[in-house]
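Participant: Keeping their order, the protein sequence lines are chains A and B.
If you read the first sequence in the working numbering, its first letter stands for residue 1, the second for the next number, and so on.
If you read the second sequence in the working numbering, its first letter stands for residue 336, the second for the next number, and so on.
These are calculated hints, taken from the structure and not from any lab test.
Some hints here could point you the wrong way.
These stretches of chain A come out as covered by chain B in the derived footprint (C-beta under 8 angstroms, 3 or more residues) [as the list claims (entries may be wrong)]:
1. 94–106
2. 122–134
Examples of chain A residues lying across from chain B (beta carbon under 8 angstroms, computed) [said to hold, decoys possible]:
3. L64
4. L66
5. T110
6. N113
7. V115
8. R116
9. T117
10. I176
11. V248
For each label pair, taking beta carbons as the anchor points, the in silico distance ranges come out as [said to hold, decoys possible]:
12. T462/B to N287/A: 26 to 34 angstroms
13. V305/A to L518/B: 31 to 39 angstroms
14. E522/B to E329/A: 44 to 52 angstroms
15. S89/A to V447/B: 26 to 34 angstroms
16. L264/A to R538/B: 52 to 60 angstroms
17. T379/B to V196/A: 51 to 59 angstroms
18. T192/A to P478/B: 28 to 36 angstroms
19. P546/B to E329/A: 58 to 66 angstroms
20. G214/A to R366/B: 51 to 59 angstroms
21. N287/A to R359/B: 46 to 54 angstroms
22. V447/B to Q163/A: 31 to 39 angstroms
Since the structure is predicted, the reported quantities are computational estimates derived from the model, not experimental observations.
Where is the CB? At the ideal position from N, CA and C, for every residue including glycine.
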Amino acid sequence: MTAPAPRPTADRVLTVDDLRVSFGTRTGVARVVNGISYHVDRGETLAIVGESGSGKSVSALSLLQLLPTPPARVEGIATFDGRDLLSLSEGGIRAIRGNRVAMIFQDPMTSLNPVRTIGRQLMEPIELHLGLRGDAARGRAIDLLQTVGIPSPERRIDDYPHQFSGGMRQRVMIAIGISCEPDLLIADEATTALDVTTQAQIVEEMESLQSRLGMALVWITHDLGVVAGIADRVMVLYGGRIMEEAAVSELYAQRRHPYTRGLLESLPTPGVDRPHRLTAIPGLPPNPSRMPPGCPFEPRCPHAVERCATERPQYRSPVPGHRVACHFEPEELYG
Amino acid sequence: MTDRASQRTLDAGEPPVEHRSRLRTTFETVRRNRLAVIGGVVLTALAVVALFADAIAPYTINEVDVANRLAPPSTTYPFGTDELGRDVFSRVIIASRVSLRVGFIAVGLALVIGVPIGLIAGYFGRTIDSILMRAMDVLFSFPAILLAIAILAALGSGITNAMLAIGIVYTPIFARITRGSVLSVRESVFVTAARSLGATDARIIRTHILPNVLAPIIVQASLSLAFAILAEAALSFLGLGVQPPAPAWGRMLNEAQGFLASAPWMAIFPGVAILLTVMAFNFLGDGLRDALDPQQRSVIESRGITA
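This is chain A alone, in the form it adopts within the complex (with noise of 0.2 angstroms):
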């Protein structure tokens, strides 16, 4: 493990409380987050679970407030190194994205610029952070190039985008996130776009930065095969809100949520014979221009009752560490 210059000593990397997002429209408010909280700390792998829409990327990118405001507007608090970062100056945000917080995104065919070589991006953040200039940045550049696997990184530096594959790209966009080794990496979608060998290769790959470098990992995905792969814990996202959150292996041993329950079991199990077709759960997302009162998962959850339409669950804590918004025990709705 390299030693990372005096940082934080608490494990606490990132306090997320009750972070909302909306959105002005012209037909009305869109309330994609709605109250989450959470927290990640140093070297672990948080997983940040949801199908499209369930506001799990735009919480990601209110963290670094890389939402437009307006039309977006970013309450709450996100704690990072004692500081709030949604009401950080633009400079004090700026010294943090990329340094301390970097983000990786999903689509590694357009999060590269084509007209700008793979190493004069590669040294964009070294440049503005680390104050590194000409052949030290260029020398970091080539190392963090070895670093994520790219071969004869020293000739390989001066290709631009369209010469390497989705996988060498999606390598390269991880070489610019920890070019400053960062407390945390948000990886949003980061594997989504790529096939599924490279998925488990670039898989793999971060997992053993991640133990390098001792930075904390937030996924965001809609792949729960992937989850259990890399993730510590899992937070399920849905309407805005957190549906359950459970260490990865508690929570595929005891999926307490409906919500959790039908994503799991519209998975495909390999090795398993299965002669029925794959469930799904039925009807779609709730608008966030007008979210149901009560719970947001309700209108499509095969166990609803009269009370789950009225009535916001709180959340309840079976287990430490294991928490679930729903009024019911798994026992009273699975038998």
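The hints should help you fit chain B onto chain A, whose structure is shown.
Facilitator: Same frame as chain A, now just chain B:
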């Protein structure tokens, strides 16, 4: 490589980015366009003529041969002489300097003012966009040549003011084209990615936005050169641009007015010079557009601004 190049001209649906050695494919595509090659050759010849005008011209601009006034083209005077007995050939050649200089400086001025306005308006959007672009719309709402005349009327005539006037007239075209491209590039993931790395707005505009919007700007610049030269000719024809005795193609046309029947060569040769230059820039510009930016239809074309 060559297959790719020829494909590019046909495939208009291709996204404006990506590319394998872009300079090279561009060059290849332009080379395959015969008109663009002709335009390039004519312009190169013109540039050589302008550079060595003093050496090529057999006479100086003010050398008069009173005995041979209004003489038709001959071996002594290849393009004939004007009403004062000056050699039309020498004057056409030396005037090429004025035309090219006015064209390049005026378009350069329009680029230097218009492109940053477009970048800022497009990138920041909102109020600043509205203010800047409405200002550009005001300029745009006047017929180009009329606006240039009005500016010259205010500033006084002369070649420097003519360049300034033409530059101002063409500024909104560059501002608009730049802004339009910025609006689409701004939404790219790589721009958000750059912001997520802590890059400042100035840096993002300079290193991520500008290089990605250059193609339509280059095309527009080459087309605008043609119109700037035409505009200069028109202004000089009206007596607002280059002042006598300095020669300019437009000015020479003006002076030829009274002699169209008796000495048509006085008008024909500067006229042909304007025609050739403007056509050459247009051919080259169209070729560049096919290579760089097949989807872009020039603003000038759609508005039909011709001086």
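Participant: None of the hints should be skipped; say for each whether it holds.
Facilitator: Hint check:
1. 94–106: Three-residue rule met by the segment 94–106 of chain A, so holds; n is 10.
2. 122–134: Our answer is that it holds, as 4 residues pass the Cβ test (under 8 angstroms) against chain B, meeting three.
3. L64: OK, holds: L64/A within 8 angstroms of chain B, min 6 angstroms.
4. L66: Because about 6 angstroms separates L66/A from the closest Cβ in chain B, which is inside the 8 angstroms limit, the hint holds.
5. T110: holds (4 angstroms)
6. N113: holds (5 angstroms)
7. V115: holds (4 angstroms)
8. R116: Constraint on R116/A satisfied, holds at 7 angstroms.
9. T117: With a closest approach of 11 angstroms, the T117/A hint is violated.
10. I176: holds (7 angstroms)
11. V248: violated (27 angstroms)
12. T462/B to N287/A: 26 to 34 angstroms: holds (31 angstroms)
13. V305/A to L518/B: 31 to 39 angstroms: The hinted range 31 to 39 angstroms is violated for V305/A and L518/B, with Cβ atoms some 50 angstroms apart.
14. E522/B to E329/A: 44 to 52 angstroms: holds (47 angstroms)
15. S89/A to V447/B: 26 to 34 angstroms: The hint (26 to 34 angstroms, Cβ to Cβ) holds, given that S89/A and V447/B are roughly 33 angstroms apart.
16. L264/A to R538/B: 52 to 60 angstroms: Since the Cβ atoms of L264/A and R538/B sit about 44 angstroms apart, the hinted range of 52 to 60 angstroms is violated.
17. T379/B to V196/A: 51 to 59 angstroms: holds (55 angstroms)
18. T192/A to P478/B: 28 to 36 angstroms: violated (53 angstroms)
19. P546/B to E329/A: 58 to 66 angstroms: holds (59 angstroms)
20. G214/A to R366/B: 51 to 59 angstroms: The hinted range 51 to 59 angstroms holds for G214/A and R366/B, with Cβ atoms some 56 angstroms apart.
21. N287/A to R359/B: 46 to 54 angstroms: Check passed, 50 angstroms falls within 46 to 54 angstroms.
22. V447/B to Q163/A: 31 to 39 angstroms: holds (34 angstroms)
This entry does not satisfy hints 9, 11, 13, 16, 18, going by the numbered hints stated previously.
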